[in-house]
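Participant: With chain A's structure known, arrange chains B and C on it following the hints.
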Amino acid sequence: MNKNLQEQVIRTSGVNVLKCMRCGKCSGTCPSYDEMEYHPHQFVYMVEKGDIEKLMNSKSLYKCLTCFACVERCPRNVEPAKVVEAVRLAAVRQQGNNHLIPDQIPDMLDDDLPQQAIVTAFRKYTK
Amino acid sequence: MQVNDNKEFQPLIVAFCCNWCSYAGADLSGTNRLNYPTNVKIIRVPCSCRVNPMFILRAFQRGADGVILCGCHPGDCHYTSGNYFTRRRMTLLFSMLDFLGIERDRTRVEWVSAAEGAKFAATMNEFTEAVKKLGPNRRLEDLRCKKQ
Amino acid sequence: MQRIGVFVCHCGTNIAATVDVKAVAEALGHEPGVVISREYQYMCSESGQNLVKDAIKEHNLSGVVICSCSPRMHENTFRKAAAAAGLNPYLVEIANIREQCSWIHKDIATATEKAVILGRAAIAKVHLNAPLTAGESPVVKRALVIGGGIAGIQTALDIAEAGFEVDIVEKEPTIGGKMAQIDKTFPTLDCAACILTPKMVECSQNEKIHIHSFSEVTDVKGFVGNFSVTIKKKARYVDETKCTGCGLCTEKCPMKNVPNEFNMGLDNRRAVYIPFAQAVPKVATIDPNYCMMLKTGKCGVCSKVCSVGAIDYKQQDKFIEEKYGAIVVATGFNPIKLDKYEEFAYSQSPDVVTSLELERLMNAAGPNGGTLLRPSDKTHPHTIVFVQCVGSRCDDSKGKPYCSKICCMYTAKHAMLIREKYPDTEVYVFYIDVRTPGKNFDEFYRRAVEQYNVHYVKGMVGKVTPKSDGKLDVQASDLLANEQLHIDADMVVLAAAIEPDKTARPLATMLTTQMDTNDFFTEAHPKLRPVESATAGIFLSGACQGPKDIPETVAQASAAAAKAIGLLCKNSITCNPCVAHSNELMCNGCSSCEKVCPYGAITYQDKEFRMPDRTTAIRRVASVNPAVCQGCGACTVACPSGAMDLNGFSNSQIMAEVDAICK
Chain A
0 MNKNLQEQVI RTSGVNVLKC MRCGKCSGTC PSYDEMEYHP HQFVYMVEKG DIEKLMNSKS
60 LYKCLTCFAC VERCPRNVEP AKVVEAVRLA AVRQQGNNHL IPDQIPDMLD DDLPQQAIVT
120 AFRKYTK
Chain B
0 MQVNDNKEFQ PLIVAFCCNW CSYAGADLSG TNRLNYPTNV KIIRVPCSCR VNPMFILRAF
60 QRGADGVILC GCHPGDCHYT SGNYFTRRRM TLLFSMLDFL GIERDRTRVE WVSAAEGAKF
120 AATMNEFTEA VKKLGPNRRL EDLRCKKQ
Chain C
0 MQRIGVFVCH CGTNIAATVD VKAVAEALGH EPGVVISREY QYMCSESGQN LVKDAIKEHN
60 LSGVVICSCS PRMHENTFRK AAAAAGLNPY LVEIANIREQ CSWIHKDIAT ATEKAVILGR
120 AAIAKVHLNA PLTAGESPVV KRALVIGGGI AGIQTALDIA EAGFEVDIVE KEPTIGGKMA
180 QIDKTFPTLD CAACILTPKM VECSQNEKIH IHSFSEVTDV KGFVGNFSVT IKKKARYVDE
240 TKCTGCGLCT EKCPMKNVPN EFNMGLDNRR AVYIPFAQAV PKVATIDPNY CMMLKTGKCG
300 VCSKVCSVGA IDYKQQDKFI EEKYGAIVVA TGFNPIKLDK YEEFAYSQSP DVVTSLELER
360 LMNAAGPNGG TLLRPSDKTH PHTIVFVQCV GSRCDDSKGK PYCSKICCMY TAKHAMLIRE
420 KYPDTEVYVF YIDVRTPGKN FDEFYRRAVE QYNVHYVKGM VGKVTPKSDG KLDVQASDLL
480 ANEQLHIDAD MVVLAAAIEP DKTARPLATM LTTQMDTNDF FTEAHPKLRP VESATAGIFL
540 SGACQGPKDI PETVAQASAA AAKAIGLLCK NSITCNPCVA HSNELMCNGC SSCEKVCPYG
600 AITYQDKEFR MPDRTTAIRR VASVNPAVCQ GCGACTVACP SGAMDLNGFS NSQIMAEVDA
660 ICK
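Residue numbers (numbering that gives the first Met the number 0), protein chains in the order written: chain A, 0 to 126; chain B, 0 to 147; chain C, 0 to 662.
Please keep in mind that the hints were generated in silico from the structure rather than gathered at the bench.
The C-beta atom is built at its ideal place from N, Cα and C for all residues, glycine as well.
Some, not all, of what chain C presents toward chain B, calculated at C-beta under 7 Å:
{"id": "1", "residue": "Ser-69"}
{"id": "2", "residue": "Gly-632"}
{"id": "3", "residue": "Ile-653"}
{"id": "4", "residue": "Met-654"}
Residues from chain A that face chain C, not an exhaustive set, calculated with beta carbons under 10 Å:
{"id": "5", "residue": "Ser-26"}
{"id": "6", "residue": "Ala-68"}
{"id": "7", "residue": "Cys-69"}
{"id": "8", "residue": "Glu-71"}
With the rest of the complex left out, here is chain A (with noise of 0.2 Å):
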């Protein structure tokens, strides 16, 4: 149980978990349950016991879509989608690397990329 991580995740998500009734109407409708270890509703229900770096470490982490079904569909509007959103900024962040540095970024600009992601890269790239 890592309480900051915990406290991070849920403030970047700005999730309650807490609200959660455990019904699993998440995982009922989520196109990605076969794919995953942990589903939607493990993953709210681990967030709130604080099992944050198990969920970083899993592969699950990646297989969510971000398709808000369950976002939608969640009967106590707890979100899951963004808990999972969360997650995965606290694992990028957690390597504590800037993984974008300023000067490479004139190598990497093609016309079509627009200029939202790059700030959106450094926003999660960088410490």
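Facilitator: Just chains B and C now, with coordinates in the frame of chain A:
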């Protein structure tokens, strides 16, 4: 303002209590022998919403050092919505008192149920201490009203 | 000049131990207006009361102050004593020097000082007390029940049983409500019609009960004991007094394709119809939206076949006005609309049905004559999936935040009935929690699992997809096995949340009763007054107050009836005299007080006033109905001109107390 022998400042505190919850809560703290200072004098009103902001101003004018208004918890009002009126009115009154330069801690709204004798006593102790720290109310006191 | 008597009680040593009672009596004796100041061991005792009574007579007192325990304890005792001695009981004030002085303080000097101040405040107040007399208002000995479901029926029967006239107003052509649509009732599985229809007949035969079917309440005026209600009798184009309910017109009507609302639209009725065979009153009704005669003026078949000449195409809505002493609200519930729940394919597939639709599908008087068939192709379903909490316990805008209470039990009932009748059918129930508190309820649910082998799966259905072979792909999670399931179902049954009837909110406005955010009527006290509304004379019966099953509904219906009977028994009601009143000379008719009054006790009147220049002018002024006002005082503070004041706690009285304390 009362002054006792050792000259410690003794504030005068007027408490308005609604008949159904807070007055009963005050009775309960008596029944349970929970002490609070004699500075607090209670006035019974049918509902906290009966308290006209004028009453509070009048108390300050006549030399009260602190005024506390107690009502049922929101949602528990005997008259269903009275304490909601109180909450709104007092918010306005407090911002006016702020404007007049009356310290915010001299007035308070507190929800005390008929079962919360301990809370009533604790609130009164705490409030008296807070007012004691502020010293006598001089800004609103009308000296013409004062009996020498 | 006031002549005030002060009586200080020792309460044994309860007061005397920390308050110098003699000093208090002495100090208060010097207050202006005080003519006698006495102390006594036990003021509330017989001899203590006699002391007060004698003093009132002897000194011709105009006000009494008792320094004793809390007024919540003995205010009534001393008021009665004063009244016995010929003094108006509202001229007695209590200074609480026990609970709020002697019991909480230890130092005798300061406690005595405080007791004197409290006594002074009471004296200051009693100077301004006015004699009050409790008013009386007569009670009309007739009750109105709004809604003719099982709740309304039970309430009406109970009130009629007690000998009072009752009117039932029902918006549908027949009484019976939701229970008439239900097939079997849990947990005993007796047929709903068998227990409901005798009560409906009883209603129609009881001479004290008058049923206004196909009618609505359009206006409510007045107050407890004296309501004046306007009822709209909607035109049914059939003379109720002539129609024998033979049903010939309903067979001959050429308009055959009108969705039958009694069967939840699962089959059709004619334009002229009787909702079901046991309808009360058993009178035909013409649906003007479909009747050719009413729409185009061409047809008239029903009129031709009717042997008693009951059909009247020219009938108009009729308004009647009636007086009532009490009103019982029994407007009931409806399942919510499921069009927002696309994931369950309710609007895409006819084989996805609500539980109430399933009741009709399984009912012997339903569209399939009691055989459970898929609505789409009329074949026997082999796999049925039940989904619970559809719209219940939802925190989003689509559903309801509360538990609908009845779904767990009726789903168990459906599952059990299906397994019993068609053992070759697999039944799955997807649940979040199974909630079965109630007599014999959990045993019932366990029987569904253990005896009837219904598959209860912890988890929700995420998606239902109609497939090309006519089956339904149900994608759900099994939380305990931690797997996602795909079930090929023939039918899906959704346990839709229930909500109060749509007519409840406008009705609440008319009645000036309160509702919660879900449109359920709010009771006067959630524990101690669960069948009364905060508005005097309005009672709550059944699911209009919150989700309820049939036994609870009937219990509450009888409780509401008991409360209504208690009111109707009285010839007149005594009103609390500590009510608000407005000074008409000061009132400027601004409506501020009316807006804050939680009871709707304040109305406005145009009154003629003599003006200073000897002319007269008509002004709009507030007037408080003392029978309705409960004396909270919200209006007194809202009044900008200070015209509104509260008896017993007037502005000047409270100010005087403040002054006395701050002296």
